[in-house]
Each structure stands twice: as structure tokens, then as C-alpha cells.
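Protein chains: 2
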Amino acid sequence: MSKPKTAITPTRSENYPEWYQSVLKAADLAEHSPVRGCMVIKPWGYAIWENMQRILDAKFKETGHANAYFPLFIPLSYLEKEAEHVEGFAKECAVVTHHRLEKNASGKLVPAGELEEPLIVRPTSEMIIGHTFAKWVESYRDLPLLINQWCNVVRWEMRTRMFLRTTEFLWQEGHTVHATREEAEAEAKKMHQVYTDFAHSTLAIPFIKGEKTPSERFPGAVNTYTIEGMMQDRKAIQGGTSHFLGQNFARACGIQFQSVNGEREFGWTTSWGMTTRMIGGLIMSHSDDDGLVLPPKVAAAHLAIIPIVHNADARESVLSYCEQLAKNLRSVHYHGIPLQVIVDSRDLRGGEKTWSWIKKGIPLRLEIGPREMEAEQFGLARRDKPHKETIPVRRSELMARIPQILDEIQDHLYRKATAFRDQHTVKIDKKSDFHDFFAEKGDEIHGGFALCHWNGDPAIEAKVKEDLNVTIRCIPLDDDTAPGHCLFSGEKSPRRVLFAKAY
Amino acid sequence: MSKPKTAITPTRSENYPEWYQSVLKAADLAEHSPVRGCMVIKPWGYAIWENMQRILDAKFKETGHANAYFPLFIPLSYLEKEAEHVEGFAKECAVVTHHRLEKNASGKLVPAGELEEPLIVRPTSEMIIGHTFAKWVESYRDLPLLINQWCNVVRWEMRTRMFLRTTEFLWQEGHTVHATREEAEAEAKKMHQVYTDFAHSTLAIPFIKGEKTPSERFPGAVNTYTIEGMMQDRKAIQGGTSHFLGQNFARACGIQFQSVNGEREFGWTTSWGMTTRMIGGLIMSHSDDDGLVLPPKVAAAHLAIIPIVHNADARESVLSYCEQLAKNLRSVHYHGIPLQVIVDSRDLRGGEKTWSWIKKGIPLRLEIGPREMEAEQFGLARRDKPHKETIPVRRSELMARIPQILDEIQDHLYRKATAFRDQHTVKIDKKSDFHDFFAEKGDEIHGGFALCHWNGDPAIEAKVKEDLNVTIRCIPLDDDTAPGHCLFSGEKSPRRVLFAKAY
Chain A
0 MSKPKTAITP TRSENYPEWY QSVLKAADLA EHSPVRGCMV IKPWGYAIWE NMQRILDAKF
60 KETGHANAYF PLFIPLSYLE KEAEHVEGFA KECAVVTHHR LEKNASGKLV PAGELEEPLI
120 VRPTSEMIIG HTFAKWVESY RDLPLLINQW CNVVRWEMRT RMFLRTTEFL WQEGHTVHAT
180 REEAEAEAKK MHQVYTDFAH STLAIPFIKG EKTPSERFPG AVNTYTIEGM MQDRKAIQGG
240 TSHFLGQNFA RACGIQFQSV NGEREFGWTT SWGMTTRMIG GLIMSHSDDD GLVLPPKVAA
300 AHLAIIPIVH NADARESVLS YCEQLAKNLR SVHYHGIPLQ VIVDSRDLRG GEKTWSWIKK
360 GIPLRLEIGP REMEAEQFGL ARRDKPHKET IPVRRSELMA RIPQILDEIQ DHLYRKATAF
420 RDQHTVKIDK KSDFHDFFAE KGDEIHGGFA LCHWNGDPAI EAKVKEDLNV TIRCIPLDDD
480 TAPGHCLFSG EKSPRRVLFA KAY
Chain B
0 MSKPKTAITP TRSENYPEWY QSVLKAADLA EHSPVRGCMV IKPWGYAIWE NMQRILDAKF
60 KETGHANAYF PLFIPLSYLE KEAEHVEGFA KECAVVTHHR LEKNASGKLV PAGELEEPLI
120 VRPTSEMIIG HTFAKWVESY RDLPLLINQW CNVVRWEMRT RMFLRTTEFL WQEGHTVHAT
180 REEAEAEAKK MHQVYTDFAH STLAIPFIKG EKTPSERFPG AVNTYTIEGM MQDRKAIQGG
240 TSHFLGQNFA RACGIQFQSV NGEREFGWTT SWGMTTRMIG GLIMSHSDDD GLVLPPKVAA
300 AHLAIIPIVH NADARESVLS YCEQLAKNLR SVHYHGIPLQ VIVDSRDLRG GEKTWSWIKK
360 GIPLRLEIGP REMEAEQFGL ARRDKPHKET IPVRRSELMA RIPQILDEIQ DHLYRKATAF
420 RDQHTVKIDK KSDFHDFFAE KGDEIHGGFA LCHWNGDPAI EAKVKEDLNV TIRCIPLDDD
480 TAPGHCLFSG EKSPRRVLFA KAY
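One line per chain: the protein sequences are A and B, in this order. One point on numbering: in this note's numbering, the residue at position 5 of the first sequence is 4, and numbering is uninterrupted. One point on numbering: in this note's numbering, the residue at position 60 of the second sequence is 59, and numbering is uninterrupted.
In short, the hints are calculated from the structure, not lab data. Mixed in with the good hints there might be a few duds.
Copies of the same chain look alike in the list, so a pair counts if it fits in one copy or across any two.
No more than 20 Å apart at the CA atoms, straight line, and that leaves these computed lysine to aspartate or glutamate pairs for EDC-like [said to hold, decoys possible]: (1) Lys464 / Glu227; (2) Lys107 / Glu83; (3) Lys60 / Glu49; (4) Lys188 / Glu61; (5) Lys415 / Asp287; (6) Lys60 / Asp232; (7) Lys326 / Asp410; (8) Lys464 / Glu262; (9) Lys80 / Glu156; (10) Lys102 / Glu116; (11) Lys426 / Asp477; (12) Lys90 / Glu116.
Can you make the complete structure from the sequences, with help from the hints?
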């Protein structure tokens with residue numbers, strides 16, 4: 000079989016959704032499970048999540064947050080206490096109604112032991128954590144209360160796609176209580192900034208910071224801050240969100256404290272979360288028609304050493320040379336962790352091995368045979384460059400060069416993704432241009448981010464969504480647009496907002 | 000109010016179960032949640048779990064295991080595939096039967112969208128992981144398959160106690176597949192040893208390694224290896240267990256591979272787990288009548304610096320001195336992580352602060368006032384020594400001394416727990432002595448570990464359990480007992496086994 004021109008079929012331009020599934024499969028990241036809408040995250044995918052966790056968790060701790068753990072189940076009566084909140088989640092929650100199994104008359108195992116009150120598998124934990132916080136907070140001295148939880152949540156999705164939308168997913172959810180509106184707003188903004196920095200510097204994705212419009216807010220929130228990234232099909236993905244919840248949840252849960260003046264006041268709360276969905280965003284931002292491309296800071300491993308043995312006699316010496324080199328390299332640190340080096344000693348042809356690592360997105364590859372051993376010089380291949388291109392590196396330089404080159408890859412991916420985003424971001428001022436920009440063009444990739452004026456009317460948002468499946472992703476925070484006139488109504492608009500199709 | 004003689008009431012000898020709850024509360028480790036049988040793990044308790052996770056996870060990776068993630072839900076039909084297994088868990092599982100909520104005629108929110116097949120919230124994941132492994136394993140080249148998962152599980156318990164027995168708990172579950180019986184048995188034993196080493200060197204608890212008797216095995220296992228520790232009420236707690244599953248689950252799940260000889264064979268599997276229950280064991284092993292005592296390697300923090308200010312003018316200078324000292328100390332590493340140092344700048348009396356840290360079990364305390372600042376010499380107080388006793392340490396020595404002293408504490412706790420266990424472990428050869436040893440003595444703490452001969456008859460085990468609530472905790476692996484005669488039947492016995500009351 001001759002090697003196809005690209006390792007992944009179909010390519011991005013041929014069929015983007017199928018390309019995504021093929022990349023996942025070729026890189027061995029995840030697979031469907033027998034449970035509707037739930038996935039299995041395989042080791043190569045889970046290692047990315049572990050890296051994201053490690054880096055984010057350190058940021059949360061640096062900013063004064065402590066981890067804790069709250070129950071998986073929420074009694075129905077608790078979920079109901081905040082009206083908008085329950086309304087937002089009622090249509091998609093897993094409900095536990097029984098607490099054992101027993102055999103019925105025909106010997107079939109059926110649910111038994113019906114619960115007095117149904118339990119909801121947490122879709123998010125505001126109500127159960129809020130109830131607990133009500134007990135923890137008594138005085139202004141207990142504030143701010145800054146807690147985070149790493150856990151699984153369940154939202155019953157009818158149409159799922161691995162990482163991007165699954166019934167069960169993994170995430171972290173921060174929950175905080177503050178004495179004043181100002182402090183709570185500042186916290187929500189601070190964590191929004193933490194997500195933005197993480198997305199830029201760790202995931203190498205140039206997410207755009209903004210606020211959600213009222214119709215796109217988290218159910219029960221006063222304000223939702225979001226980061227929105229552009230995928231290679233020019234659709235948007237929502238990254239982390241950070242919510243200023245006002246006193247809505249404090250009232251619903253009874254979070255009250257005695258102020259400095261001795262008065263009973265309701266607390267001001269926030270919540271903020273980032274999920275395994277970001278792995279989907281990572282895949283769609285950087286990968287190409289040969290498979291996964293991973294930014295080094297979150298890559299499951301950094302370097303694959305591929306021993307090249309054409310002759311059985313040389314096998315032992317090449318393998319042991321590679322193992323020794325790997326051992327040396329593992330003593331080098333890259334952004335706080337030891338270099339993750341794999342020696343691929345599988346009994347496969349060299350080309351097959353090389354292509355498997357290209358598809359898995361490892362940032363660097365090193366093929367080593369007797370010739371390289373003798374010369375003490377290797378050709379280092381970067382995943383973000385053409386596959387045949389290598390950088391000549393002497394063995395003596397390798398330990399110093401690898402971290403530098405990894406940083407160059409990280410930087411290159413960020414610049415590339417930024418250029419792509421900017422290339423497909425346009426200011427649109429005419430309704431017909433807006434329509435042309437977003438209208439379906441067969442299977443062709445089209446559209447992008449459109450910065451347009453809007454008068455703030457949710458009816459217009461709803462109409463645009465209905466007509467073109469386009470939504471306002473956010474009201475960007477870091478821009479310099481001047482006032483103008485709404486594209487749809489002609490009415491005054493204080494600033495442009497970001498329209499896009501979205502995952 | 001004069002300070003009571005002990006910080007915790009009741010004391011261990013007055014009422015051990017209540018002492019346990021009081022220690023938990025005084026140390027702020029966890030609390031009951033509004034969900035039956037589920038607890039909230041508070042930051043001081045969760046930090047212990049994070050340390051346990053970090054250390055165990057590194058051991059799992061060193062021994063070649065990779066982390067992955069599998070669904071929370073198990074379709075009922077999957078759970079049923081292994082008969083003993085489902086029998087073991089049917090009485091205690093949370094069942095999801097609906098996937099949304101809707102308002103009924105009277106406006107009440109009720110479960111809706113009934114599922115075609117009920118989903119079980121995982122009590123353990125053999126069946127869902129086994130099903131997945133059946134797809135991953137095709138050839139002997141895919142073996143061994145060595146996977147671990149960190150997650151939450153649910154077993155519906157009627158009588159719960161925080162950490163020791165809760166409806167939801169956190170754990171890790173390792174699942175592996177091997178080509179031969181020998182390799183799978185070796186894996187189960189290897190992970191048994193990993194747990195033993197971890198318990199001894201990290202938790203400072205002298206657990207006893209052994210095998211379970213057939214009636215105490217994991218449902219579906221061929222052999223279960225366990226570690227059993229003695230608590231201060233002389234009852235046993237089961238630590239990690241490691242199961243050799245034979246081909247039972249491979250057959251139930253269809254895990255087959257092509258052998259070197261080209262034949263289709265069933266794999267040989269293992270599973271092994273350790274849970275948040277170990278935190279309960281940790282508390283009960285080392286704590287005293289003044290509260291929690293923590294081994295430094297898993298302590299939520301290592302050192303509390305308590306600024307002593309009798310005069311408002313000195314406040315700023317003492318605080319900034321303490322902060323600077325803390326900053327220096329945080330650059331010191333202790334077993335791979337930076338020293339965790341807390342400066343307690345709360346506006347409380349010094350004595351109140353000191354007692355709060357004693358109750359929270361921080362290994363070291365340092366009270367610093369103007370006098371200590373001037374002398375550049377401090378009195379370091381150890382949690383495992385009388386509270387007034389301090390070690391004089393010069394500031395210049397502090398960075399070197401603290402890790403040494405922490406290791407001394409770790410070692411002291413282990414030796415103390417070992418002496419306690421040995422003091423209450425007896426060989427018993429007469430039935431009347433056995434009865435006297437275990438019979439209730441009012442509320443008094445009694446019993447311990449009894450090493451006795453037993454003929455292997457499960458009917459005797461059942462009778463002893465019924466009469467005295469005593470079970471065979473394990474058949475110890477590391478002992479040198481000679482053959483003898485069963486205490487109960489007079490029949491021949493190859494060796495002594497370990498009897499105890501247990502959590």
C-alpha cells in the first residue's frame with residue numbers, strides 16, 4: 000500500500016467534522032463508550048488533561064484558592080431553590096431514583112428501593128456548594144471564601160461529540176463568596192484573566208476575552224465572562240467561563256454573614272469553570288492533515304526517540320544507546336517537569352513508527368541508527384515543520400537545545416493560530432455582507448469571526464441564530480471599537496460585538 | 000472559661016467513636032452533607048488526599064501504569080455479566096432511571112424521560128473497563144495493559160461514618176490485563192507491595208500484609224490481597240486491596256488475545272484500589288486527645304508560624320519578619336515538594352492560635368515575638384511531643400533542621416504505631432481465651448489482633464462473626480508461624496490467621 004498524501008483522511012478541507020474524529024482515533028486520544036454520550040479518555044488524551052490540571056491548579060493555589068470535594072448528588076429540592084438555574088438544567092440531568100437492584104418475579108434484575116427524594120447527578124455544583132457555604136460563612140472574617148473542586152459532571156446531551164460535548168465530562172469549578180459586590184466582580188474578572196493567560200501561554204490558543212450577552216449567560220448569573228477561540232473551520236469554541244453571580248445564589252442558599260458593622264448581609268458569589276472540552280479546542284486549533292499537533296507545555300510527551308536498526312547485530316547497541324540518551328534527557332526540566340522522553344523499541348518498521356508519532360502529535364522526534372551514534376550528531380524533527388526537515392544537533396548540545404526548541408514550537412503554534420484567527424476576523428457593516436459571510440457554501444469551510452454593531456436587542460440575537468445559526472460569542476473586552484450603528488436595526492450601538500458559528 | 004485538660008472531648012478512652020468525630024470537627028477535615036451518606040471533604044482534609052494522590056500516582060507511573068478515564072455510569076446489562084460481581088453490589092447501588100425533570104400537572108418538578116435501560120453509578124469499574132479492554136486487546140503484543148483511574152464511586156451504605164464508610168467516596172482503581180496467570184498474579188502482588196510500602200513509609204501505619212479468606216474476597220476475584228492496620232481502639236481497618244481476578248472478568252467481558260502461537264486466549268486480569276477511607280485510618284492511627292496528628296509526608300502543611308505580638312507597635316515588624324522567614328523556608332524542599340508554611344496572622348490571642356494548630360495536627364509550630372527576633376533563636380514545637388516542649392533552633396540552622404525534624408516525626412509516629420500494634424497482638428490457642436479477648440467490656444477499649452490457628456472452614460468464620468463480630472482480617476504473608484491445630488475445631492491448621500473486629 001503506498002502511503003497516502005496525508006496521514007489523516009479525510010483532510011480538513013474535505014470534511015472537517017470527520018477529520019476531527021479521524022485525528023482523535025489516529026492519535027489514540029479517546030473513544031466512544033457503551034454508555035450513551037459518555038467517552039473513554041485514553042492514556043494519551045488523559046495525559047493532556049493531567050498537564051492542564053497541574054498547570055491550572057498551581058495558578059488557582061497561587062491566587063489563594065484551596066481545593067475541596069462536594070457530593071456528586073444534589074437533592075432535587077436544593078436544585079429548585081434558584082428558579083433560573085433549575086430551568087437551565089432541568090432538561091438535561093441524570094436522575095437517581097433507586098438505591099438498589101433486586102430480582103422481579105421473572106428473575107430479571109430491576110431497580111428497587113425507591114428514594115423519597117430523587118437525586119440529581121450534579122450538572123454543576125452551585126446549589127450543593129452554596130448550601131455548604133451557608134454553614135461556613137458567619138462573619139466578614141470568614142471572607143473571602145475561595146474554593147475550587149476538580150470533578151466529573153453530567154449534562155444529558157442529545158447530540159454528543161468527543162471532548163466537545165459529552166454527557167459526562169471532567170472539569171474544575173471554582174466557587175467563591177465575598178463581602179462586597181466589588182470584590183466578587185474583581186474575583187470573577189481575575190479568574191477570567193487566569194483562563195485567558197492559561198489559554199494563551201499554555202494551550203497556545205489566542206482566545207478572545209469578552210462578556211456574554213444576557214441571553215447567553217450562565218443560568219442564574221448576573222454576568223458571565225468568557226474566552227472564545229477560533230477553530231480551523233473558523234467556528235468558535237467557548238473556553239473557560241467565569242460568572243459573577245451577584246447575590247442570587249447567596250439568597251437561594253442562605254449565605255449570610257455579619258458585616259463589620261454588625262449587620263446580617265447576603266454574600267456575593269462567583270463561580271468559574273474549565274473542562275475537558277478544551278482538549279477538543281486544542282485538537283482543532285493546531286492539528287493538521289497528518290494528525291494531532293500538541294503545544295509542548297501540555298503535550299502527553301515531548302520527544303520520541305526512534306531507534307533505526309537495519310541489521311539485527313546492531314539492535315542491542317542502538318537500543319541501549321537510545322535508552323541511555325533518554326535517561327540523560329529525562330534529567331532535564333522543561334517548565335518545572337522532567338522532559339517526557341519515549342524510546343520506541345517496538346518491533347515495527349522505522350517509517351511506521353515515525354508516522355505513528357506524527358499522528359500522535361509528539362513535538363519532537365529523533366531517529367537514531369549506527370551512523371548517528373558514530374557521528375554523535377542527530378537530526379531533530381519538529382512536528383510543526385515538514386516531516387523530512389530536521390535540525391542537526393550534536394549530542395553535547397542536545398540537553399540545552401531541546402527546551403529551547405520546545406519553546407520555539409510553543410511560540411510558533413501560538414503565532415500561527417493568531418495569524419489564522421486574524422485572517423478570518425472581519426468587521427462587517429452591511430447586512431448583506433453579514434449574510435454572505437455566514438451563509439452555508441456546501442461543505443466548504445466558510446465564515447469566521449465578524450465584529451459588528453448591535454443595538455442590544457435579544458430578539459435580533461434570536462433571529463440571527465434562527466436564520467444563520469450564528470450567535471454573539473461575546474462582547475470583547477480588549478478592543479478599541481468606536482460607537483456606530485446596529486447592522487440589523489440601524490439603531491445606535493456603543494461598540495462592536497463578536498458574531499460567529501460555534502461548537 | 001478555663002482550658003479543659005484535653006482539647007478534644009470526649010477522650011479516646013471515654014468514647015472512641017465520639018472522639019473520632021470530634022477530632023474531625025476540631026481539625027476541620029470534613030462534614031456531613033445534605034445528601035444521605037455523602038460527606039464534604041474540607042480543604043484541610045482534601046490536602047491530605049492530594050498528597051496521597053501525588054505520592055501514589057508517582058509510584059503507579061514508576062511501575063509502568065498510565066492513567067485514563069472511564070464513564071461514571073454502567074449499563075445494568077454490563078454489570079450483570081459477572082454473576083458473583085453483580086450479586087456483591089446489587090444491594091447498594093445508585094440507579095439512574097431518568098434523564099430530565101419536568102413539571103407534572105400540579106406544577107411539581109418530577110423525573111421524566113425514562114431510560115430504556117437503567118444506568119448504575121459505578122460502585123467499581125471492572126465491567127465497564129473490561130468491556131473497553133476487550134476492544135484494546137487483540138494480540139499478545141498489546142499486553143500487559145496497565146491502566147489506573149482516579150475517580151469517585153458510589154456504594155449505597157445504610158450506616159455511614161465520615162471517611163470510613165460513605166456512600167460516595169474517592170479512590171483510584173488500577174485495572175490490568177496479562178497474557179499469563181503468572182504475570183497477573185505477580186502484578187497483583189506487586190501492587191499489594193506498593194500499597195504496603197506507601198502505608199508504612201508515607202502514612203506511618205504498620206499495616207499487615209495478607210490474603211483474604213475466600214468469604215472475604217472481592218466479588219468475582221480468585222484471590223484478594225489486603226493490608227490491615229490496627230487503630231487505637233484496637234480494631235482493624237482494611238487499607239488497599241489488590242485482586243487477582245483470574246480469567247473470570249476476561250470471560251465475562253470478552254477480553255481475548257492472539258497468543259504467540261496464534262491461538263485465541265482469554266486474558267488474565269487484576270484490579271487494585273485505595274480510597275479516601277485511608278484518611279480515616281490515618282486519623283485513628285496517630286491522633287491523640289488534643290486532636291489530629293499527621294505524618295509530615297502527607298500533612299496538609301508542615302509548619303505554622305505564629306507571630307506573638309503583645310504590643311500594637313511591634314505588630315508590623317513581627318509580621319513582616321515572620322513573612323520573610325516563611326518565604327525563605329518555602330524555598331526548602333521536603334521529599335520533592337516545597338515546605339508548606341503558614342503564617343497565622345489572624346487577629347486572635349496567641350494561645351488560641353497555638354491550640355487551633357495543635358488540633359489541626361500541623362507537625363511543627365514556631366512562635367515568634369520581638370524577643371525571638373532579637374535573639375535570632377526560636378523554640379520549635381513538635382506535634383508529637385508535649386506542647387510546652389520546644390527545640391531551640393538558631394535562625395541560621397532552621398532551613399537545614401526542619402526537614403530533618405520532620406523525618407524524625409515521621410519515624411517516631413511509625414515506631415509508636417508499631418509498638419501499639421505489637422502490644423495488642425497476641426497468639427491465642429484456647430477458645431475461652433479467644434472469647435475473653437474479644438468479648439465486649441462495656442464501653443471499654445478491648446481486644447486487638449489475635450493470631451490463631453483455623454482449619455479453613457467458612458462455617459467457623461461465620462459463627463465467630465455472629466457470636467463476637469470478629470472476622471478473619473487476613474492470612475498474613477510475612478510471618479513464621481508453624482502448623483498447629485484449629486482453635487475452634489481441633490483440626491489441623493497449616494498456619495495462624497489474623498482475627499480482629501474491624502471497621
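Query raised in the report: Should lysine 80 paired with glutamate 156 be assigned to within, between, both, or neither, using CA atoms and 20 Å as the limit?
Result: neither (23 Å within a copy, 27 Å between copies)
Query - Intra- versus inter-subunit Cα pairing at 20 Å for lysine 90 with glutamate 116 - result: For lysine 90 and glutamate 116, the Cα distance is within 20 Å both inside one copy (18 Å) and across copies (19 Å).
Report task. Check lysine 60 against aspartate 232 for me: Cα-Cα at most 20 Å, and say if that holds within a copy, between copies, both or neither. Result -> Cα proximity of lysine 60 and aspartate 232: none, with 35 Å in one copy and 37 Å across.
Query raised in the report: Should lysine 464 paired with glutamate 227 be assigned to within, between, both, or neither, using CA atoms and 20 Å as the limit?
Result: This pair counts as within: shortest intra-copy Cα distance 17 Å, inter-copy 61 Å.
Query raised in the report: Which holds for lysine 415 with aspartate 287 at a C-alpha limit of 20 Å: within a copy, between copies, both or neither?
Result: So lysine 415 and aspartate 287 pass the 20 Å test inside one copy only (12 Å; across, 60 Å).
Report task. Check lysine 60 against glutamate 49 for me: Cα-Cα at most 20 Å, and say if that holds within a copy, between copies, both or neither. Result -> both (16 Å within a copy, 13 Å between copies)
Query - Status of aspartate 477 relative to lysine 426 across identical chains (alpha carbons, at most 20 Å) - result: within (15 Å within a copy, 75 Å between copies)
Query raised in the report: Which holds for lysine 464 with glutamate 262 at a C-alpha limit of 20 Å: within a copy, between copies, both or neither?
Result: neither (46 Å within a copy, 57 Å between copies)
Report task. Indicate which option fits the pair lysine 102, glutamate 116 if close means a Cα-Cα distance not exceeding 20 Å: within, between, both or neither. Result -> between (23 Å within a copy, 15 Å between copies)
Report task. Measure nothing new, just compare the shortest in-copy and cross-copy C-alpha distances for lysine 188 and glutamate 61 to 20 Å and report within, between, both or neither. Result -> For lysine 188 and glutamate 61, the Cα distance is within 20 Å only inside one copy (16 Å; across copies 40 Å).
**Report entry** Status of glutamate 83 relative to lysine 107 across identical chains (alpha carbons, at most 20 Å)
**Finding:** Answer is between; shortest inter-copy Cα gap is 16 Å, intra-copy 40 Å.
Query raised in the report: What label fits lysine 326 with aspartate 410 when the C-alpha limit is 20 Å: within, between, both, or neither?
Result: Cα proximity of lysine 326 and aspartate 410: none, with 27 Å in one copy and 32 Å across.
Checked against the numbered hints listed earlier, the structure breaks hints 6, 7, 8 and 9; every other hint is satisfied.
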